[in-house]
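Residue numbers (my numbering), protein chains in the order written: chain A, 1 to 291; chain B, 1001 to 1291.
Quick caveat, the hints were computed from the structure, so don't treat them as lab data. These numbers were taken from a predicted model, which means no experiment stands behind them. Hints are not guaranteed to be accurate.
Calculated cross-link-like contacts (lysine to any residue; reagent style SDA-like; alpha-carbon spacing at most 20 angstroms) [claimed, not checked]: (1) 139/A <-> 1220/B; (2) 216/A <-> 1279/B; (3) 132/A <-> 1282/B; (4) 216/A <-> 1220/B; (5) 132/A <-> 1290/B; (6) 132/A <-> 1280/B; (7) 1257/B <-> 217/A; (8) 212/A <-> 1185/B; (9) 132/A <-> 1291/B; (10) 1291/B <-> 139/A.
2 protein chains.
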Amino acid sequence: MTQPHFNQIAIVGVGLLGGSLGMAASHMGIADEVVGVTRTKASIEEARRAEAIDRGTTDLIEGIHEADLVVICTPVSHILSVLPEILSNVKPDAVVTDVGSTKASIVALGEKLAAEHNRKFVGSHPMAGSEKTGVRAAKANLFNESTCFVTRTAQTPSDAFVSVSQFWQALNARLVIARPDRHDRLVASISHLPHIAAVALVRAVESFNEDKNLVKGIIGNGFRDATRIAAGDVRMWEDICSDNRGEINRARAALEKSLTEILEACKPDTCSELGNLLQDARDYREFLDHK
Amino acid sequence: MTQPHFNQIAIVGVGLLGGSLGMAASHMGIADEVVGVTRTKASIEEARRAEAIDRGTTDLIEGIHEADLVVICTPVSHILSVLPEILSNVKPDAVVTDVGSTKASIVALGEKLAAEHNRKFVGSHPMAGSEKTGVRAAKANLFNESTCFVTRTAQTPSDAFVSVSQFWQALNARLVIARPDRHDRLVASISHLPHIAAVALVRAVESFNEDKNLVKGIIGNGFRDATRIAAGDVRMWEDICSDNRGEINRARAALEKSLTEILEACKPDTCSELGNLLQDARDYREFLDHK
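If we strip away everything but chain A, and leave its shape as in the complex, we get (with noise of 0.2 angstroms):
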């Protein structure tokens, strides 16, 4: 695999992706200097302090009209509403990606744009991070060994999407390339749908009126890890939950099948198919979950 190399790398949001990730491209050599494009000045001596970039900038044309490489670490409705002015302003020869949690709708605009201003547009999507946000939780290893997509259609130029295969490569992540649509549809299911349940699962325990004190004090182990993931963070799942409703629906569906189905079989007459399948949900999880 070739060592990737940019003369300087901007990050439009340096918040734990985006911080992680100029860590990890400075560590590495990948990038000779990492600009970081932020909201507010106070976040910019944050993302320094942290050693996430090297300088920073609030105003977005000047952070990114130099860069080699531009990765957009903010929610999607953002990177969205970003995208005109990147693709409009970069070098010609500039590779434009983002870290969106959704792909179709992104990369239909940032390829749409790519194409009317001649410029270059990747879709990404890694699949890393936690409940935890901002910089001071970015760490340069965020990306070892996590999965990270990289979108490929007809529209994608072929040098940018090695560069940016190469890119996540580096920071040793394994590639998994899939069009955007089939992307949307997979993480729909195995992301998207079980935040909306973890969420769902809080919101009913609380639709009760039980007293909280009591709640609190019965839960175990399995209701806090069962909706860990309803911790995360607000905006972000706003923006992935309005933007892929559609694969989520679809995802739903399926959840709500299997709720009958083993609700079924929990009668008294139909007990040996409930053995069955929890046994068989156990065995595919322990598939999944194995290194």
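For this one, chain A is given, so just place chain B on it according to the hints.
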């Protein structure tokens, strides 16, 4: 608090819970002798090696007939099936309890039989344990700072209720006193439904017939956490789901109402509502999770 003391405690079923109980009772001087009733002779040896019991037998009546406290530590359906034999063979002043995850049907049967035979039954449900099973996972501090339900009805004898409560408190469990039906309603929403939802999430992913190795490569910690409880003991959960089906169905209706509410709020024109829902669930969960 008075430290309880029993000349002999009989534990029916020496797995994770039974084994941990035996260890704790010996270590803390709560029992002079711990007798284990197991299904096989090999299990007796295993339980003795783990220091969970002093001696064991595969004969139920032999195991319980001299005990001052009998704790039934088997799956729900087995508890229901052994209650008649136990309550007609224990000493008149012995106290019988169980650790079943559901309480309405167990306590109804236990109290009915206790009245018939002039014996004493009190239901318990220590909310300890994990996806690990068997006496090899047992540990003396399993119940430390866990929550333990003890049931109380109009039929519960006060002295037996006090004995059982003191027993769990001596193991450093936090007591929650509840009617059996109230217990079943509470645990349906905070324990049984999350379990079934985890199983349904796994089965939903499986139902899409994606390549298993691809799915394995892209699942993240969110999916792992959200579905961890689906790795739990199949036999135990089969019993719980069958026995508490009514309350689980009620909790499921609340879950689906929440799912619908969230997905409705994902529509473009109701976005601010979605943010509120997510934030609300995050706040409530944070309250519950905070030590």
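Results for each hint:
1. 139/A <-> 1220/B: With a Cα-Cα distance of about 18 angstroms, the restraint between residue 139/A and residue 1220/B holds, given a limit of 20 angstroms.
2. 216/A <-> 1279/B: holds, 18 angstroms
3. 132/A <-> 1282/B: Within the cut-off at roughly 13 angstroms; holds.
4. 216/A <-> 1220/B: Answer violated: residue 216/A to residue 1220/B is near 27 angstroms, above 20 angstroms.
5. 132/A <-> 1290/B: Distance ~16 angstroms between residue 132/A and residue 1290/B Cα, so the pair holds.
6. 132/A <-> 1280/B: holds, 18 angstroms
7. 1257/B <-> 217/A: The given pair, whose Cα atoms are some 25 angstroms apart, is violated under the 20 angstroms limit.
8. 212/A <-> 1185/B: holds, 15 angstroms
9. 132/A <-> 1291/B: Answer holds: residue 132/A to residue 1291/B is near 18 angstroms, not above 20 angstroms.
10. 1291/B <-> 139/A: violated, 27 angstroms
Violated hints for the displayed structure, listed by number in ascending order: 4, 7 and 10.
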